[in-house]
Amino acid sequence: MKTVRKSIASAITTGVIATALSMNSFAVADGKVKLGILADMGGTYADICGKGCVTAAEMAIEDFGGKVLGNKIELVSADSQLKPDIASSIARKWVENEGVDTIGGLVSSAVSGAVSKVNVDNKKITLISGSASNTFTTKTCNPYNVHWTYNVVALANGTVKPMVESGKKNWFFITADYSFGHALESVASKVIKEKGGKVVGHVRAPLGTTDFSSYVLQAQASGADVVALANAGNDTVNALKAATEFGLTEQMDIAGLLVFTQNAQAMDPAVASGMRLTTGFYWDIDDKARDWSQRFEQRHGGIPSMIHAGVYSATTHYLNSVKAVGSDDSDKVIKHMKQTKPDDFFSRNAQLRADGRMVHDMLYVEIKKQSERKNKGDIYNVIKVIPGEEAYNPIQASCNFS
Amino acid sequence: MITVFGINLFALFGQLLVGLINGSFYALLSLGLAIIFGLLKIINFAQGALYMLGAFLALLALKYLGINYWYALILVPIAVGMVGILMERFLIRPIANEDHLYSLLLTFGLALIIQGAFTHTFGSSGLSYSVPEALKGGTRLPFMYLPNYRAWIIVASIVVCFGTWWMIEKTRLGAYLRAGTENPKLMQAFGINVPLMVTLTFGFGVALAGFAGVMAAPVYSVSPDMGSNVLIVVFAIVVIGGMGSIGGAIITGLGMGIIEGLTKYFYPEASNTIIFLVMVVVLLLKPAGLFGKEA
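If you read the sequences in order, they're chains A and B. The numbers in full-length UniProt numbering rise by one with no breaks, and the one at position 235 of the first sequence is 235. The numbers in full-length UniProt numbering rise by one with no breaks, and the one at position 68 of the second sequence is 68.
Isolated chain B (complex conformation) (with noise of 0.2 Å):
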């Protein structure tokens, strides 16, 4: 083993390497709903019950229809992004124009609800679903030993999560949606359906949290809980960054993930307060986020 400075390389590279795959998972969520701020300005504090929906409904699709995971891959966030549009349509349109608590307190309530539904259906044990057989297996890499599964979950993140951004600040159908949520009466006299926009601009933010749902019910267990646990997490997370930041989010994620593998190394104990502890210092010095534009 190689050290330096009393620190064992080996297993430093190795958390490194952990915390860019937690980080990927960070960068999901975080992304879907730093685009539904962004661009709705609305708080969705059920993303994290909808990332265990689509954790559950990846399950419930191999047990019941034999869905395997690369269809569910593709399946489950359109699901997870049709109860989205639903939601919005019929639940978060109503109180648009009130305040931003309102929202807020009505996605709060709805994620209670569906982990409730979901702890008294299958239970708080949690469930296993298997890694598929493509992804078994791993590399042994000088420093540590790599999971197939764990490389593929970086290398989809990363390119959903870019692919996003790209498509959000650099194509025309980005472009109608930013100038949409800027100037909602102006782009409909333009001819362009602006609530439909809204409606599917929620969806697609939802969706993503049902894509790292899928992503994740191989690695983690698949239970109700999982959901609460990350979504405080995420909301630090898009703070830091700076909410509504698209990039911004990513970034820190990916980066927040590779701070917390570094806690974990040297200081395990505080590997989940860390993050936190970041986002008052960036409160402090910078409160727009890291990314964000000062109001």
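One chain only, chain A, in its complex shape (with noise of 0.2 Å):
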């Protein structure tokens, strides 16, 4: 009988909690506003997204008077571990309990995808930065969802297209094997038909590989014009690494379908130099952008990547707008962000579209040769510009949130 009184007791218990736990995540604008930063730690993508995102984060609060709607700005950040899991059951415990309004960095697509569902359920904005699938503007587009920065779109028009329109037309993909990987080499062999190219083969692998020499092995033995590296980070550092060693170079172009900063300046410049590639920012390429960059990097110790400056530059607009709305209402301000254009350092001809892109121009640049090079940072030189509507896909009619 005890027994049976204990557990209705408990059962009680339970329900009072999950009533509780259920009421506050409807506790929505709270006036108070509190940033999230998920970011990767000590993994593969650290150097791009890892404590860097939250000094971005916290240089914007900083610069935005560190108070709005009469509150001081909070700032929480965790690491994501690249885990899909961990992410979400962090950003749960974030919006649901914390009080967390919106989540940002956001390295690695399975990790932002995650993350957009937890956020979505709970009516919070999720300002993505440093993944570049397009599938949060696509397939998985909802109306809370905010992609800054680049993606994989933007990569395969900036880089690919002029290469197939120079006439490199036999393409051979090394592509990583996860959605990031899959998502830019589709999207890269659409634009290289289009183009009137043939993509001649492509080998998967996987993430973290430390040695391509038998994938490069296997580009060599296609015949392709053009090898593309559909990877990211230490991975095509590694890819054109082996690509040297075993004279894939001298026989065919390499394409860096998506380099960071930090990448391009691991990669040893005999070899990287001449290399051509999109990017979402560099930080020498005016005034504001330096004036910027030099204060990340007396911070942080090193020159920002582009998710640096699209967190900062995503956080800010995500201020004014609260600001601007006078709350912390996530309908309210995701409108008001769409409505308004962002205006910054990073942000050129840019705007917040209705499916939640944020479509600005992006730089097409080539890495230095050494002897052109004047300090470690200095590592592109700007080709062209390339403008917002561009670059990006258009607007698809499903994905419309206005």
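Since the hints were made in silico from the structure, they are not lab data. Treat the hints with care, since some could be wrong.
[Unchecked claim] Below are the EDC-like pairs computed for lysine to aspartate or glutamate, each with C-alpha atoms no more than 20 Å apart in a straight line:
| no. | chain 1 | residue 1 | chain 2 | residue 2 |
| --- | --- | --- | --- | --- |
| 1 | B | LYS63 | B | GLU133 |
| 2 | B | LYS136 | A | GLU250 |
| 3 | A | LYS32 | A | GLU58 |
| 4 | A | LYS123 | A | ASP331 |
| 5 | B | LYS136 | A | ASP268 |
| 6 | A | LYS32 | A | ASP329 |
| 7 | B | LYS63 | A | ASP268 |
| 8 | A | LYS368 | A | ASP284 |
| 9 | A | LYS335 | A | ASP121 |
[As the list claims (entries may be wrong)] FRET-style restraints, in silico, Cβ to Cβ:
| no. | chain 1 | residue 1 | chain 2 | residue 2 | range |
| --- | --- | --- | --- | --- | --- |
| 10 | A | LYS341 | B | LEU277 | 51 to 57 Å |
| 11 | A | ALA397 | B | ILE274 | 41 to 47 Å |
| 12 | A | ASP378 | B | VAL280 | 48 to 54 Å |
| 13 | B | GLY109 | A | ALA397 | 50 to 56 Å |
| 14 | B | ILE274 | A | GLY167 | 37 to 43 Å |
| 15 | B | ARG178 | A | ASN97 | 55 to 61 Å |
[Unchecked claim] Which residues of chain B face chain A? A partial, calculated answer using Cβ under 10 Å:
| no. | residue |
| --- | --- |
| 16 | ASN8 |
| 17 | PHE25 |
| 18 | PRO268 |
| 19 | THR273 |
Every residue, glycine too, gets a C-beta built ideally from N, C-alpha and C.
If you follow the hints, you should be able to join the two separate chains into one complex; please do so.
What follows is the structure, given as structure tokens:
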């Protein structure tokens, strides 16, 4: 009897707690703005969006004045470990129990997808800066997704198109074997075919491969004009290293589809110089960018990646909108974010579209030779500016949340 | 191109050769582990971190002290060996009489600390180390372009591996070592300093990891996680070869490299799981490993 009573009691308690918790998740606009930054603190992508993403958000808050709606702006951060399940549980804890209003940073498409799901259930805004997949504004779009910085379409249009147009028709892909690599390869293949080129083969390498020599051999045997590296981070650096070693670079062109400044710095200039790529930001493009980047470098100890700059820019735009509408209610804030144009050192001719895609001018750059470099961060020559409308895919009707 | 049964022989030979090169690294690393486990019964999870340390030391020695690759090949393993000796003397020896789990956890923790410290200091993007001048370039074989440095890896690792095997299995020093771990009390009665021997053996096993690290620096990106990436594979190889079997570790290391190469030709997506698949099959059929003695 006693146990029965006990279990009833515990059932009631559980029920009460559960109700309290679910009620908590409806408590939206509390007037206190709290930002969460989820990044990769110790993995492959730590240099492109780890502590640096937190620093960028801190700078955005400080530059904003530290306060909004009469309260201090709070910032929390955590390590996603690049694992979607971990990211998802952190996001749930933040938005359901700790009053976090928006989650930013977000490197790795798998992690961003998991967080976006939690956020949309709770009507919270997801400020994606680090991920590349275009799914957030197409297949898995929702009214609360904001995709800043870049995506696979912009990379493919920026880097692949000019090469195919210049007569490099046959392509071989070395692709990172997860959602991002697959998305990048399929988008780039489409661009190649549209321009009259051909994909002669592809190989999928596991994420974190250190030795690409066997993939390089396959690329060599394919007889392609261009070998496209549909991967990122250390994978790109290692693939390029193997390509040089096995003499691939003498026979074929290499196209790095996603190269961050940190990776470009890690590449041997003798090999990488002359390689062309597309980026959402380069620190040395003008005075405004240089000024911010120098401040960032002083605090962080290295030049910013486009993701770092994107986190700053997205956070600033979010805070501006909270201030303008006088509330942290997600629906009001996102509406305002989409109506006003972001304008800072990062966002040029920028607009946050109704589907959550931030369209802005991209840069087509070339890696400098060692002899042209004045310092460690001096790595790119900007060849041209790609207008946003040219770089990004047009809005999809089913994702028009205006 | 020559094709037999729809198989492009040139491409296949290329993959086999590349597999052999990878196998050389596996052999060096698993040999170190096998020595430490076989002779001392310590499961050294820090082996990967020490391999990474070797690569970093080579890079730092070149950058700050101007020590070139060839000197690093000798000096770095000694330095890494010293680190190993300190580890054994001050951390592992105090728990030597406890269950194996203690040393496993200790070395695992050390590996995390070392890797974390390097990530904190050097970032995660990795640094690059150039191939030494004398080994630049390559040879055009009928089926592929073989970079000279890769050829050197195969030669150097086979020499070191079989030299070590010969020393342990065929010389008097090796006999002392084996006897000392079999029956330490008796050996001490014969006037041999067993604790010192244990420390030096540990240092040697670890130095092999340092050597592999220097060998790897010019071909892989030198990054803090290079050790943890390879460690699990190397452990699988030691298990397949038979825990503690010195010759087994060498042959399995080379063999697994080749099997991985074959997989990369026929079904690349499975290339990073094939070794574990082999491990499962071997454990089911022969639990002590291919070359291990049944307990």
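Worksheet entry | C-beta pair A:ALA397, B:ILE274: status relative to the range 41 to 47 Å that was hinted | For B:ILE274 against A:ALA397, whose Cβ atoms are near 45 Å apart, the range 41 to 47 Å holds.
Discussion item. Assuming the hint says 51 to 57 Å, is it satisfied by the Cβ distance from A:LYS341 to B:LEU277 or not?
Written reply: holds, 55 Å
Item to complete: Determine whether the Cβ-Cβ distance between B:GLY109 and A:ALA397 falls within the hinted range of 50 to 56 Å.
Response: holds, 55 Å
Worksheet item: Holds or violated: A:LYS335 with A:ASP121, Cα cutoff 20 Å?
Response: Roughly 18 Å between the alpha carbons, so the hint for A:LYS335 and A:ASP121 holds.
Worksheet item: Are the Cα positions of B:LYS136 and A:ASP268 separated by 20 Å at most?
Response: holds, 14 Å
Fill in: Status of the B:PHE25 interface restraint (C-beta, 10 Å, chain A)
holds, 9 Å
Worksheet item: Does the alpha-carbon distance linking A:LYS123 and A:ASP331 stay inside the 20 Å limit?
Response: holds, 8 Å
Practice prompt. May I ask you to test the interface hint for B:ASN8 with respect to chain A, counting a Cβ-Cβ separation under 10 Å as satisfied?
Written response: holds, 7 Å
Practice prompt. Sort out whether B:GLU133 lies within 20 Å of B:LYS63, counting only the CA atoms.
Written response: At roughly 16 Å apart (the allowed maximum being 20 Å), B:GLU133 and B:LYS63 satisfy the hint.
Fill in: When the least beta-carbon distance from B:THR273 to chain A is tested against 10 Å, hint result
Given a least distance of 9 Å, the restraint on B:THR273 holds.
Item to complete: Given the hint of 55 to 61 Å, check if B:ARG178 and A:ASN97 actually sit that far apart at their C-beta atoms.
Response: For B:ARG178 and A:ASN97 the Cβ distance comes to about 59 Å; the hint holds.
Discussion item. Checking one constraint from the list: CA of B:LYS136 to CA of A:GLU250, max 20 Å. Satisfied?
Written reply: Measuring from Cα to Cα gives roughly 15 Å; hence the hint holds.
Of the numbered hints listed earlier, not one is contradicted by the structure.
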